[in-house]
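Letter by letter, the chains look like this.
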Amino acid sequence: MLAENSVRIRNEYCSKCLICSSICPFEAISIDKETGEILLNIEKCQVCGICFSACPSSSIDIAYYKTDILSEYIRRARKDNLILVCRGAVIRPELRERLEKQGVLNNFIQWYVPCIGRIPLELLLRALEGGVKRIVIVPCEDNKCRFKFGSNVGLSRLLLLQELLSQIGLNHGVLSFARSSIRAYINRNRCIGCGNCAYICPSNAARLVSPGVAEIDGAACSGCGACTAVCPSLAINLESFENKVILEEISRHRQLISDLRAKGLPAVAVFYCHWASFPALDEYGAYAKENVVFFEVPCSSIINPLYILRAFYEGFDGALVMACRKSECKFERGNELAERQVNAIKNLLRQVGLEGRLEICFVSPKYLGEAEHQIKLFMDKVAAMVGVSK
Amino acid sequence: MIVVKGKPLDEILSFLLPYKNVLIVGCDGCTQPPRGLREAMTYAMLVEMGAKLRGKTDLKCRATTVAKQCDNHICSTTLTPQLEGVDAILSLACGVGVQTLVEVFPEVPVYPGQNTTFIGSQEREGSMLYEKCKACGECLLGETGGICPITNCPKGILNGPCGGCVDGKCEVPFEIRDETGKVVKTVAKDCAWYLIYQRLKKLNRLDLFRKYRPPRNRAISSSPRLMEVV
Chain E
1 MLAENSVRIR NEYCSKCLIC SSICPFEAIS IDKETGEILL NIEKCQVCGI
51 CFSACPSSSI DIAYYKTDIL SEYIRRARKD NLILVCRGAV IRPELRERLE
101 KQGVLNNFIQ WYVPCIGRIP LELLLRALEG GVKRIVIVPC EDNKCRFKFG
151 SNVGLSRLLL LQELLSQIGL NHGVLSFARS SIRAYINRNR CIGCGNCAYI
201 CPSNAARLVS PGVAEIDGAA CSGCGACTAV CPSLAINLES FENKVILEEI
251 SRHRQLISDL RAKGLPAVAV FYCHWASFPA LDEYGAYAKE NVVFFEVPCS
301 SIINPLYILR AFYEGFDGAL VMACRKSECK FERGNELAER QVNAIKNLLR
351 QVGLEGRLEI CFVSPKYLGE AEHQIKLFMD KVAAMVGVSK
Chain Z
1001 MIVVKGKPLD EILSFLLPYK NVLIVGCDGC TQPPRGLREA MTYAMLVEMG
1051 AKLRGKTDLK CRATTVAKQC DNHICSTTLT PQLEGVDAIL SLACGVGVQT
1101 LVEVFPEVPV YPGQNTTFIG SQEREGSMLY EKCKACGECL LGETGGICPI
1151 TNCPKGILNG PCGGCVDGKC EVPFEIRDET GKVVKTVAKD CAWYLIYQRL
1201 KKLNRLDLFR KYRPPRNRAI SSSPRLMEVV
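The listed protein sequences derive, respectively, from chains E and Z. Take 1 as the starting number for the first sequence in my numbering and just add one per residue. Take 1001 as the starting number for the second sequence in my numbering and just add one per residue.
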């Protein structure tokens, strides 16, 4: 097992304030009563990074989205506006329109971060110092944070920062935020009333109403997308992960695949739950260069047979689904649902003659290199199967 | 719900390989698991890929769905405009849907994509489908506390239980089979008449249990049946 953890507490710098332990949503941080050392239980940790951004003595180290790298990137990019969006949030058309009116949408950097609560104020200050004129933050809605209260923690800090900035004479517009979480929505004309969504929904947002048409309560929807995967009539879509968008994204790689074919390389599609692995800015680039194409999904339970079959249809030689580890799903049992779905698709592929080309693995960002390791294992397997050397 | 199970792809391909333009028709009606548009699209890709891997590259599939394949009017109005250039249809509905399509479009060959199994209900938690009704034509659920002995008892006896009921369990186990018919799992099953007894006792209607029922009139359920809608 690759054992290096992505979160580390450097006790030599620690001032023993215990903020991290009190703020951790998963109770993963404790203090050793005898030695006074701060201990991290990596099994409980879900790498939200809230402790990292809360630590006043910078003694917590986290491997992804490092402040230094991010602020250096912002400094070099020389953009006027910075938009930070939580992965669980979405910029809806209304919000986009508003941002456009404010002029934020020209000359900007947009980043998706795993949680707003893990962004240290230092990064924002450095960004302002580096020439950014306006920062817009889009966190998840109340009670929808994947890390329990990351969004709230992040927001209360931002309010504080806003206050401080106004004290030094910068106006409130410099730092603004708008909560908006990803939601599923239904095209009721297409619904056939099977009730699959109502059963599968982990947050009881979908229900079947008379006369046999489903309804989704947007306020309750947690945005996992499990309902879209079980909908037999493609009536349900998830904001920013619409079926059409994902399918087109898969088909977009047709050229790349034929180029790889010509070079004798197998092409592999990786559908990764964006909570299961955090390819940081730099790492992601490194992987994209190889013959691996990444498709981000909000939860592995959104994987439906169409995505996988479309990938094979377009010529991918293998498909890997990366889900969260057992009991770490941000939506209760999305990874279990995904496993069941994948097994059903495997059965179909076996009948076509594509046995062994689809795999599911369960990873966590807390062990460095775990996702990469799984991809490599799968690549080797596919390469051996396709019969070409890597 | 009419419970269906996908046919092995090899069988489907053996039907479709001689054709070039295949229309795959799902059914949004009562098939369980649902065989709607997504399933039709899934089958379209599976059939094309399967055909390619078997050396036939010019087979093209199009996917569509019908609100209710057992209704010839709906089938005719929905599908007629889509039949341009189609030389075979693969139906994902139950046997009723397949036969309806055959009657509506006598000039196009129609093939079944599913095996129709039984009328059943879905248990969500265990994702199991259970047979619940044999369509016998003279429902006696009113006398048996709502538990059907025709379906739930392997012998379908009307005055049970028989000698095969041991500790409330039936001597014949539930068998779960794969596509080829091989038994993959057997599950112990409660005796239907034991359950009926328990249920009637709870309802305080054991008098119904003591009632003698003469053999069923099998003429009522002899095939093919015909009925007038009134």
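No wet-lab data here; the hints were simulated from the structure. Some hints could be false.
Simulated pairs of lysine to aspartate or glutamate, EDC-like, Cα-Cα distance not exceeding 20 angstroms [claimed, not checked]:
1) Lys1056(Z) with Glu314(E)
2) Lys1060(Z) with Glu314(E)
3) Lys1007(Z) with Asp32(E)
4) Lys346(E) with Glu1228(Z)
5) Lys346(E) with Asp1087(Z)
6) Lys326(E) with Glu336(E)
7) Lys376(E) with Glu296(E)
8) Lys326(E) with Asp1167(Z)
9) Lys346(E) with Glu1048(Z)
10) Lys1052(Z) with Glu336(E)
11) Lys346(E) with Glu1084(Z)
Since the model is a prediction, treat every value here as computed from it, not as a measurement.
Run the distance test for Lys1007(Z) versus Asp32(E): straight-line Cα separation, threshold 20 angstroms.
61 angstroms, violated
Would the hint linking Lys376(E) and Glu296(E) be met if the CA-CA limit is 20 angstroms?
18 angstroms, holds
20 angstroms Cα cutoff - pair Lys346(E), Asp1087(Z)
30 angstroms, violated
Under the criterion that the straight-line Cα-Cα distance not exceed 20 angstroms, is the pair Lys346(E), Glu1228(Z) satisfied?
45 angstroms, violated
Under the criterion that the straight-line Cα-Cα distance not exceed 20 angstroms, is the pair Lys1060(Z), Glu314(E) satisfied?
14 angstroms, holds
Is the hinted pair Lys1052(Z) and Glu336(E) satisfied, with a Cα-Cα distance of at most 20 angstroms?
Between Lys1052(Z) and Glu336(E) the Cα gap is close to 33 angstroms, so the pair fails against 20 angstroms, i.e. violated.
Are the Cα atoms of Lys326(E) and Glu336(E) separated by 20 angstroms or less?
8 angstroms, holds
Checking one constraint from the list: CA of Lys326(E) to CA of Asp1167(Z), max 20 angstroms. Satisfied?
39 angstroms, violated
When you check the alpha-carbon spacing of Lys346(E) and Glu1048(Z), does it fall within 20 angstroms?
17 angstroms, holds
Is Lys346(E) close enough to Glu1084(Z), meaning Cα to Cα at most 20 angstroms?
34 angstroms, violated
Going straight from one Cα to the other, do Lys1056(Z) and Glu314(E) come out at no more than 20 angstroms?
17 angstroms, holds
Comparing the model with each numbered hint stated earlier shows that hints 3, 4, 5, 8, 10 and 11 do not hold.
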